[in-house]
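Each chain, letter by letter, is given below.
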Amino acid sequence: MGTVRAGFVLQMRFYRRYPDLLVPLLTAPLYGGIFAMIMRYNGRTDLVGAVSLTPFYMSLWWFALFSGGWIIQTDRWEGTLEYLVSAPADFAAVVFGRVGATMLSGVAAFAETWLFARYVLRGDVAVRHWGVFAGSFALTLFAMAATALLMAATFVLARNAVTFSNSASFPFYVLSGILVPIALLPGWLQPLSEAVFLSWSADLLRASIATGPVPHPVRGMVMIALLGTCALAAGYTVLRRILGQVRRTGELGLR
Amino acid sequence: MTVVTRDAVTLAPFGVPEPELQYSAGTPAIAAVDLVREYPRKRKDPVRALQGLSLTVAQGEVHGLLGPNGAGKTTLVKILSTILLPTSGQATVCGHDVVRHGRDVRELIGVVMGGDRGLYTRLTGRQNLEFWGALQKVPRKVLRSRTEHLLERLGLAAKADARVETYSRGMKQRLHLARGLIGDARVLFLDEPTMGMDPVAAREFRKLIGELRDEQRTILLATHDMTEAESLCDRVSFVRDGTVVATRSPHAVAGLVSAVQGLELDSADAALAATLAEVPGVTSVTTDGATTRILVRSQDDFPRLLHLLADHGVTSLRTLRPSLEDVYVRLIGDRGLEV
Ligand SMILES: Nc1ncnc2c1ncn2[C@@H]1O[C@H](COP(=O)(O)OP(=O)(O)OP(=O)(O)O)[C@@H](O)[C@H]1O
Ligand SMILES: [Mg+2]
Chain A
1 MGTVRAGFVL QMRFYRRYPD LLVPLLTAPL YGGIFAMIMR YNGRTDLVGA
51 VSLTPFYMSL WWFALFSGGW IIQTDRWEGT LEYLVSAPAD FAAVVFGRVG
101 ATMLSGVAAF AETWLFARYV LRGDVAVRHW GVFAGSFALT LFAMAATALL
151 MAATFVLARN AVTFSNSASF PFYVLSGILV PIALLPGWLQ PLSEAVFLSW
201 SADLLRASIA TGPVPHPVRG MVMIALLGTC ALAAGYTVLR RILGQVRRTG
251 ELGLR
Chain B
1 MTVVTRDAVT LAPFGVPEPE LQYSAGTPAI AAVDLVREYP RKRKDPVRAL
51 QGLSLTVAQG EVHGLLGPNG AGKTTLVKIL STILLPTSGQ ATVCGHDVVR
101 HGRDVRELIG VVMGGDRGLY TRLTGRQNLE FWGALQKVPR KVLRSRTEHL
151 LERLGLAAKA DARVETYSRG MKQRLHLARG LIGDARVLFL DEPTMGMDPV
201 AAREFRKLIG ELRDEQRTIL LATHDMTEAE SLCDRVSFVR DGTVVATRSP
251 HAVAGLVSAV QGLELDSADA ALAATLAEVP GVTSVTTDGA TTRILVRSQD
301 DFPRLLHLLA DHGVTSLRTL RPSLEDVYVR LIGDRGLEV
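Same order as they appear, the protein sequences are chains A and B. Count the first sequence with this note's numbering and you get residues 1 to 255, in order. Count the second sequence with this note's numbering and you get residues 1 to 339, in order.
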């Protein structure tokens with residue numbers, strides 16, 4: 001627990017020293033404004049609330065990808081990775097603590113996006129189903145942290161990680177149904193998006209601010225938890241294997 | 001005439017049997033047996049950084065690793081600190097196998113490697129120490145006071161709250177050292193720890209190592225600084241091409257090459273110096289102030305030299321024993337800058 005905490009504190013200190021990591025907090029309101037304007041222009045004021053929360057997912061993903069996903073690789077570049085793996089603390093716990101801190105900035109992104117949507121864009125974003133909202137929100141942060149851990153582990157050895165991380169965002173946004181409803185995607189894409197936890201999150205979050213009952217709340221939350229747990233297990237496994245591999249090849253300290 | 005010759009003088013071959021350990025019995029702090037480490041290379045045979053290296057370091061011993069660039073010192077340190085896996089062979093730290101029980105090993109060790117890297121440069125020195133201390137599982141209360149103590153002890157207190165990127169190289173090196181000490185390790189691996197330190201800092205460092213030794217900690221110290229090795233180490237191992245060539249106490253290393261390397265006498269006049277230089281086997285005659293040093297190629301050249309000196313009425317002589325550096329050069333071979 002002390003280790004997770006140490007990783008968390010470290011990452012929070014990084015945010016103070018590398019404020020550029022917090023860029024999504026600047027861009028989120030801009031996106032929100034754009035999305036809301038498109039809806040207004042098309043006369044769909046009823047959708048302004050839902051779309052103006054979309055930038056929250058974009059920020060959350062951005063944090064997971066850029067501050068979370070690059071954690072291990074930057075440690076390798078800095079030469080700190082060798083010291084991290086020679087310390088008694090569990091390395092995965094350090095990474096998880098740091099990823100956790102990136103999720104805290106996700107919470108800040110949500111607060112910002114919500115306030116902007118409510119008071120500037122004048123969308124209807126009042127939470128009507130608090131249980132669904134709180135449950136799916138917490139599970140979403142967990143699943144996103146697990147996904148970030150998986151990316152962090154994978155990026156260490158994937159030679160084209162930079163290309164991936166620069167181009168993965170848009171397909172991810174599409175599959176998760178945060179830009180366009182999944183129902184509008186081509187039929188063959190839809191099953192794929194069911195494997196993306198964020199698609200379930202987005203459905204539940206939108207439903208929790210909508211009037212009327214939430215369809216299948218339990219199924220949605222179970223799916224987020226399940227997909228998150230899979231990502232965590234995969235991330236942990238990949239991390240172990242990769243640490244073993246770089247210890248064997250001697251690439252641990254290479255840039 | 002007083003010539004102090006010790007035992008029969010021979011040029012000792014490499015691999016002379018190691019003298020018995022005089023340290024506390026029981027599990028050695030470090031034991032490496034037949035360690036081999038290869039680094040794979042693309043489309044070439046792998047580099048063999050360690051070629052069957054064996055080494056034993058007793059609990060509480062300060063052990064030096066000497067050897068040229070590329071000899072395998074850092075590779076050995078990395079294997080012992082579980083950063084690298086050996087290709088074959090075994091190593092234990094306080095009885096724990098570095099491959100199978102890496103976690104137990106990590107509980108016991110502190111690692112300091114030379115260089116500018118390995119610190120979070122945008123954080124302060126204190127923040128770095130706090131983070132690494134937490135990773136060493138130091139309880140929070142203890143961590144606070146120990147951080148304070150180490151910053152003070154290593155002369156970093158004034159810079160404790162400045163970002164590490166503003167530190168000079170020697171200051172970074174001291175912070176590395178503080179990080180290695182924050183976990184209260186029983187066994188310390190120090191790879192060129194005084195690299196970049198100014199003489200005063202280096203002297204403070206040596207004092208610190210002395211204190212750590214008094215606390216019965218085991219220290220494996222890789223260094224290129226012969227004075228440092230001579231003043232700090234209980235024993236030194238010469239590493240060449242990935243194996244240990246010899247292990248000795250720094251005061252007994254002379255025996256590895258030849259017990260007497262030359263003679264020193266009260267200043268000889270120019271004529272005598274010239275005559276001495278002509279004697280077969282004499283490699284150099286240098287006069288420095290009130291003393292003249294005569295170096296010989298081998299022990300067999302002494303009798304002739306001694307006769308000559310007696311003929312010239314020289315009655316006071318001292319034998320010259322090789323320094324650690326002399327031994328190093330003779331053992332490792334004069335390879336220049338080749339690696
Ligand atoms: N990551 C690596 N990949 C490939 N070869 C390596 C790697 N690290 C070290 N080597 C090679 O292994 C050999 C031993 O290197 P090592 O760093 O252990 O030497 P050293 O004794 O510490 O030298 P120095 O005194 O210069 O620090 C060298 O030939 C070096 O080129
Ligand atoms: Mg080295």
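FYI, nobody ran anything at the bench for these hints, they're computed from the structure. Every residue, glycine too, gets a C-beta built ideally from N, C-alpha and C. Misleading hints may appear alongside valid ones.
As the list claims (entries may be wrong) - Okay, the calculated bits of chain B under chain A, using three or more residues with CB under 8 Å as the criterion:
id, region
1, 134–146
2, 206–220
3, 281–292
Stated by the list, open to error - Computed footprint of chain B on chain A; a stretch qualifies when at least three of its residues, placed anywhere within it, have a C-beta under 8 Å from a C-beta of chain B:
id, region
4, 76–89
5, 209–215
Results for each hint:
1. 134–146: holds (count 5)
2. 206–220: Violated, because only 0 residues of the region 206–220 of chain B bring their Cβ atoms closer than 8 Å to Cβ atoms of chain A.
3. 281–292: As far as the region 281–292 of chain B goes, the hint is violated, because 0 residues have Cβ atoms under 8 Å from chain A.
4. 76–89: holds (count 11)
5. 209–215: That given contact is violated, which follows from only 0 residues of the region 209–215 of chain A lying within Cβ reach (below 8 Å) of chain B.
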